[in-house]
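Could you build all of it, start to finish, from the sequences and the hints given here?
There are 2 protein chains.
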Amino acid sequence: MTAEIVAVGSEMLTAGRLDTNSLFITEHLNSLGIEVTAKHVIGDDNGRLVTAIRRALADADILILSGGLGPTEDDLTRDAVAEALGCQMLADAETLHAIEQRFRTMKREMPAINRRQAMVLEGAEILRNDKGTAPGQWRVVDEKSGKVVVMLPGPPSELKSMFTRECLPRLAAIAPPTAIHTAVLRVTGISESQLDQTIAPIYLNRANLATTVLAHDGDLQVRFRAQCATLDAAIALTEEVAARAAEALGEHVYSRLDEPLEVVIGNRLAAANSTLVVAESATGGGLAQRITGVAGSSAYFIGGYVTYSKKMKTDVLGVPAALLEEFGAVSKETAQAMAEGARLAARADWAISITGNAGPSTDGSEAPVGTVYIGVAGPGNPIEITVTHRMWPVNDRGRVRAFAVQSALDLLNRRLIAHGLLSA
Amino acid sequence: MTAEIVAVGSEMLTAGRLDTNSLFITEHLNSLGIEVTAKHVIGDDNGRLVTAIRRALADADILILSGGLGPTEDDLTRDAVAEALGCQMLADAETLHAIEQRFRTMKREMPAINRRQAMVLEGAEILRNDKGTAPGQWRVVDEKSGKVVVMLPGPPSELKSMFTRECLPRLAAIAPPTAIHTAVLRVTGISESQLDQTIAPIYLNRANLATTVLAHDGDLQVRFRAQCATLDAAIALTEEVAARAAEALGEHVYSRLDEPLEVVIGNRLAAANSTLVVAESATGGGLAQRITGVAGSSAYFIGGYVTYSKKMKTDVLGVPAALLEEFGAVSKETAQAMAEGARLAARADWAISITGNAGPSTDGSEAPVGTVYIGVAGPGNPIEITVTHRMWPVNDRGRVRAFAVQSALDLLNRRLIAHGLLSA
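Residue numbers (the numbering used here), protein chains in the order written: chain R, 2 to 425; chain L, 2 to 425.
The hints are simulated quantities; they were obtained by calculation from the structure and are not laboratory data. Wrong hints could be hidden among the right ones.
[Said to hold, decoys possible] List of simulated lysine-lysine pairs, DSS-like, C-alpha gap at most 27 Å:
(1) R/311 <-> R/333
(2) L/161 <-> L/132
(3) R/148 <-> R/161
(4) L/333 <-> R/108
(5) R/312 <-> L/312
(6) L/311 <-> R/312
(7) L/161 <-> R/311
[As the list claims (entries may be wrong)] Listed next, the stretches of chain R that the computed footprint assigns to chain L, with coverage defined by at least 3 CB atoms under 8 Å from CB atoms of chain L:
(8) 31 to 43
(9) 103 to 112
(10) 174 to 184
Keep in mind it's a predicted model, so treat the numbers as computed, not measured. No residue lacks a Cβ here, since even glycine has one placed at the ideal position from N, Cα and C.
What follows is the structure, encoded as structure tokens:
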């Protein structure tokens, strides 16, 4: 069974935008044994779009379109599919009602143009959108061929939710029987090439196994995916390879349950009834934001101090002005004093501090761009504080900040493990 | 003049890979006034590739292929183009010699299979590769139509060098004389559909003008791009349309210089020598992170308090425990007290506070998921604090948080404008 993916929208043909939705869709189609044979990006042009839809349906069993379902004049996907299939469109009362309801909740008037979003192809099933206005559609082209056109909204959060809830079950029902199992290792603290060099001998040249490594700001995900005749065989294969890879990677593996690092840390703190506070300057709130991205984090996270000025480091965290003067704000000593001060001020069990220079410019007295000091203060008497120096030689403010946050979480997690805190 | 781009290779259809070469190519084609009307990714399948090449050449003036020029069996681009055009391939002596020379320099024996890389289409111009083995090719399809097929290697460093050296001059020679100008409006505080309804009458059906709207978590970018015979004409057209659209959108336009909202705010604060502090709970550091994403923000940003617990709201910001008890942490009263307390604690001129419920669950006493209160405290005696209630009916923690941050920045910016602070 084959599929083609079409991303719709002139903005997707500009020099600054890539169709990342297709990666998510491809991963899930592959997991059902459906092969993606082509991907296309087509602008907001009705003629080109109709042609592209007809061609894709001639070539593949499944056509998945993303984008072009908004309310505006240049949202053409609905009309183009109707034209390509030669079928009518009808206003769906339930969808229209839901859209009106949405605007009422927001206490805003519904612009007349939003009505377009309630138009559905004759014979289509409506795919509910729980993250936005535009509903999706699932339309069997004709009973004989069994070919299917699926229309999904462009915004990734809307597409992913809709695809997972509404499309996966429908696709599973028409996909050929095959058993797939995936094992995931979440890894940090080593580079992507170090990781690959370590595990390539384990996964290379294994039949029925596809291995992918995703790297994002120091966070690595290794996915071993087996597609076999039986589920038992698929599980046996992935688990064997994952176990060997995990052994080779050792302490760099932070989760075998596909959980983000901040969730692993949260589980450890919650299970031990321990609390955490953070004090950050260079990352400017990014560390606190990542920790609080976890629902339920208020159970263990007391709060954070974004001490962006020296004054606030002194006033709020009690970092001595003389220390800042002597060693500078970006120093081992300041990181240590920040962690200690934050832990004391918030009466928390654990504290993380980050101070650094994310760039782009270095003022005379500061450490070079990319320098970061991370402090971790833990319970115990006397208080035990470790400070780690890191240097990322990339002249990219956003990446230095993201790496620093990842590294701080990694260092805390290792300390929690050393301290005997288990992940639920 | 139009172009289509085809990336060749089954690896480009996996869940972990994106065709980024097309962004580089698009940027340069656009700069010559050549519009990219479609992009495709096709696997290593001769039949599909031949079809894709024929279709692209039927639809566009220029077809640029990347990848599939290597020496191995699954490198099919050369053969597929020859088949699609119905022309012969010849071994090019000079290319073969250069490939042999390359291997000799590396003191390696040339594998026989590398001979395939010296095969060129009859009538093609050879594009030298100074970063790798595979030469590119430039082939005019026929003199009458003037259509062109270009074959480039897949590895980005090889492609970029070859494109810049060999293709740009050839493309410039055939591109129509044209000038391009873009005007951008940055907008917030209204929905995408409201925005489009407001400005569609201004931009629709204007010759030589392409308008795109990008929406991201409440932040909207409108780009008017004109392509005209002269630069003066392109500037006149975009500026006229942008001025009319800006007038229609009024105070919702926060930048006409394509600057992010946090940069606009930073410019206002810096120019007025004013300082800012933030106190946030639901957004957990996201507001501070966005503000400090701007290089140089330490000139006006004192810091932030991530008061994730009631205790920290009381201890650090002085929010009375009785007030939290009576009205709840997610309330107008708490937002007001947080803004007032943060401004006082940090001795800042301005303070923003955010308190809300980002979900996913509502514990009994709290406000419904999606509820956010935003406080802005400004200078003056008595201190002037405005609190705004917002409700986003999306059950998505990340989006509620992102919307809340955007809204808080919008509210601060409007207060700064009302207070007479100019953006540099």
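Problem - Satisfaction of hint between residue 132 of chain L and residue 161 of chain L, Cα-Cα up to 27 Å - result: 10 Å, holds
Handout entry: Per-stretch coverage check for the region 103 to 112 of chain R, three Cβ contacts closer than 8 Å to chain L
Key = Result for this restraint: holds, n = 6.
Practice task
Sort out whether residue 312 of chain R lies within 27 Å of residue 311 of chain L, counting only the CA atoms.
Solution key: Answer holds: residue 311 of chain L to residue 312 of chain R is near 25 Å, not above 27 Å.
Practice task
Closer than 8 Å, Cβ to Cβ, for at least three residues: run that test on the region 31 to 43 of chain R against chain L and report holds or violated.
Solution key: holds (count 8)
Exercise for the section: Verify the proposed pairing of residue 311 of chain R with residue 333 of chain R, using a straight-line Cα cut of 27 Å. Expected result: Within the cut-off at roughly 15 Å; holds.
Handout entry: Satisfaction of hint between residue 108 of chain R and residue 333 of chain L, Cα-Cα up to 27 Å
Key = 18 Å, holds
Handout entry: Satisfaction of hint between residue 312 of chain L and residue 312 of chain R, Cα-Cα up to 27 Å
Key = The hint holds at about 23 Å.
Handout entry: Outcome, coverage of the region 174 to 184 of chain R by chain L - at least 3 residues whose beta-carbon is closer than 8 Å to one in that chain
Key = violated (count 0)
Exercise for the section: Starting from residue 161 of chain L, check that the Cα of residue 311 of chain R is at most 27 Å away, please. Expected result: At roughly 45 Å apart (the allowed maximum being 27 Å), residue 311 of chain R and residue 161 of chain L break the hint.
Problem - Hinted pair residue 148 of chain R and residue 161 of chain R, Cα distance within 27 Å - result: With Cα atoms ~22 Å apart, residue 148 of chain R and residue 161 of chain R stay inside 27 Å; holds.
The structure does not agree with the numbered hints 7 and 10 stated previously, though it agrees with the rest.
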